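Q: Below, each chain spelled out in residue letters.
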Amino acid sequence: MSSPSRSGCRRRRELLAAVLLAAALSACQREDRRFRTWPPAASAIPAVRQSELQPGPTTRDLTVRNEYGDNAWAVSEGKRLYNQFNCSGCHFQGGGGIGPPLMDSQWIYGSQPENIFATIVEGRPNGMPSFRGKLGNDQVWKLVAYVRSMSGLLAKDVASGRNDDMQVRSQEQSTEKARPVQSAVPPASQRP
Amino acid sequence: MSAVLQAVLQFPGAHSALKPAGPQARIAEGLWNSMYATAIVVFLLVMAALLWAAFRRRRAEEPAPDPARERRMRRVVAAAVGITTIVLFTFLVSDISAGRAVTATPGKDAIQIIVTGHQWWWEVQYRDSVPQRWVTTANEIHVPVGRQVAVELRSTDVIHSFWPPNLTGKRDLIPGNENSLWFQADSAGVYRAECAEYCGHEHAKMALLVVAQSPDSFARWLTQQRDTAHTPADSLTSRGQEVFLSSACAMCHSIAGTPAGSRVGPDLTHLAGRATIAAGTLPNTRGNLAGWIVDPQRIKPGARMPPNQLDPADLRALLAYLETLR
Ligand SMILES: [Cu+2]
Chain A
292 MSSPSRSGCR RRRELLAAVL LAAALSACQR EDRRFRTWPP AASAIPAVRQ SELQPGPTTR
352 DLTVRNEYGD NAWAVSEGKR LYNQFNCSGC HFQGGGGIGP PLMDSQWIYG SQPENIFATI
412 VEGRPNGMPS FRGKLGNDQV WKLVAYVRSM SGLLAKDVAS GRNDDMQVRS QEQSTEKARP
472 VQSAVPPASQ RP
Chain R
3 MSAVLQAVLQ FPGAHSALKP AGPQARIAEG LWNSMYATAI VVFLLVMAAL LWAAFRRRRA
63 EEPAPDPARE RRMRRVVAAA VGITTIVLFT FLVSDISAGR AVTATPGKDA IQIIVTGHQW
123 WWEVQYRDSV PQRWVTTANE IHVPVGRQVA VELRSTDVIH SFWPPNLTGK RDLIPGNENS
183 LWFQADSAGV YRAECAEYCG HEHAKMALLV VAQSPDSFAR WLTQQRDTAH TPADSLTSRG
243 QEVFLSSACA MCHSIAGTPA GSRVGPDLTH LAGRATIAAG TLPNTRGNLA GWIVDPQRIK
303 PGARMPPNQL DPADLRALLA YLETLR
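As given, the protein sequences belong to chains A and R, one line each in that order. Counting along the first sequence from 1, when you hit position 111 you're at 402 in the numbering used here, and nothing is skipped either side. Counting along the second sequence from 1, when you hit position 300 you're at 302 in the numbering used here, and nothing is skipped either side.
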């Protein structure tokens, strides 16, 4: 028979092994790569509301989950697509230009994944083009995940920690979380 | 096109350093042959000495060392060490001089080609003093026989390596850096090149054809590649063009002469003139093209082209249009 302190030690070791295994398994999920997604064409999510206001009693919406919000590989793919599809041409690397900054706390059309999805697929009236039919749903979701990582809305172990080319801003990984704030849509006449 | 494909199939030596088709590959092959022959001789000698030592008759009792015999044996060992050193130094010198000969600067009249590595395909560009005459294609290099070809190697993502074993050795494509190499094909034929530096998921499906042809037919090919795509002539192909331009394709591909101008994926202006699709993965046939467009992830999982959901009639029109892109 082993002494009680010895078995306690063993139990602690087993617990440690279990914790390490769980950590390792969650790391697998973080890198999960899915190459084939159906349907391939981007379509709007019917459940998304474009306005907070509702007639009659307020109903709870079912929330849309971005499957890619906790997937480091998908976020890095989103970062690649952000440059390839020329989002950077208008929003630059998040600091904003023709389009509003995406690395700050201000959101005109909402910071939730479904809002950003709608922004990309539907476009927005003051100059954001609609990518409907031009991007696949999974590509849009990857872009959504990356856009959210720009203002620190994703976990740090998921956000990108490096650039493929020259460093133009601090890494998404070291971006502090910016608490989203609703920003007013300026009238078109006042926009630069 | 089918002639090229037949050549690929009929030419089993299209990817072999032992079937040199250019001066540099011949130097490398000469180096290899001399090392191989020397190694055979050395192997046989060592084996003979080993067998002699193992099977020589021994007396039950070794006699006391004979100083004359000891001296003889020392001389044999010293001679063996000396010969080994000479052989290794000869190898070193011939290796370095072969390396210098292979990497010598190409002549002034060499053709200039820019090859850019992408995950997982090759972009090929022939420049000209007049930008309108630049030719961009993918996964296939055409060169005239008997003329030096200087290749500038670039990469947009990770390190790749360009390796046409029948023509010359390997050279890496490094992002943010310009590398170069040159080669020359001495006989007409189709040679296969491959990425020789692991570059991610589909590294194994990243090949390239080098088509060496007579100077006349090369000049004809280049002139024809400078053309923009023809305007569709009938209703089916013009529907196909509409499908191409209105769907996701135009986000990634260019077809000169149409508004599609993205360079995320291979240039498709002269797609139908190429022997293979998806970097040497499949022969360029209508069936393969259809399979690729609908579900590239089945053929090349991880490739940076998403699946496409197309109405069957639209797909037929799109294929008909793509087949006109000669
Ligand atoms: Cu590779």
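The reader is advised that the hints may include incorrect statements.
What the hints assert, rightly or not - Beta-carbon label-pair distances, calculated as ranges:
1. A/Trp364 x R/Met37: 51 to 59 Å
2. A/Asp456 x R/Ser216: 37 to 45 Å
3. A/Arg356 x R/Gly178: 31 to 39 Å
4. R/Pro177 x A/Glu322: 16 to 24 Å
5. R/Ser219 x A/Asn374: 34 to 42 Å
6. A/Asn374 x R/Gln299: 35 to 43 Å
7. A/Asp456 x R/Ile85: 31 to 39 Å
8. R/Gly289 x A/Ala469: 50 to 58 Å
9. A/Asp448 x R/Glu180: 54 to 62 Å
10. R/Ala50 x A/Arg324: 55 to 63 Å
Honestly, the hints are just simulated from the structure, not real lab data. Quick caveat, the model's predicted, so the values are computed rather than measured. Cβ coordinates follow ideal geometry from the N, Cα and C atoms, glycine included.
Q: Determine for every hint whether it applies to the structure shown.
A: Hints, one by one, checked against the model:
no., hint, verdict
1, A/Trp364 x R/Met37: 51 to 59 Å, "violated, 44 Å"
2, A/Asp456 x R/Ser216: 37 to 45 Å, "holds, 42 Å"
3, A/Arg356 x R/Gly178: 31 to 39 Å, "holds, 38 Å"
4, R/Pro177 x A/Glu322: 16 to 24 Å, "holds, 22 Å"
5, R/Ser219 x A/Asn374: 34 to 42 Å, "holds, 40 Å"
6, A/Asn374 x R/Gln299: 35 to 43 Å, "violated, 22 Å"
7, A/Asp456 x R/Ile85: 31 to 39 Å, "violated, 54 Å"
8, R/Gly289 x A/Ala469: 50 to 58 Å, "holds, 51 Å"
9, A/Asp448 x R/Glu180: 54 to 62 Å, "violated, 36 Å"
10, R/Ala50 x A/Arg324: 55 to 63 Å, "holds, 56 Å"
Taken one by one, the earlier hints fail for this structure at numbers 1, 6, 7 and 9, listed in ascending order.
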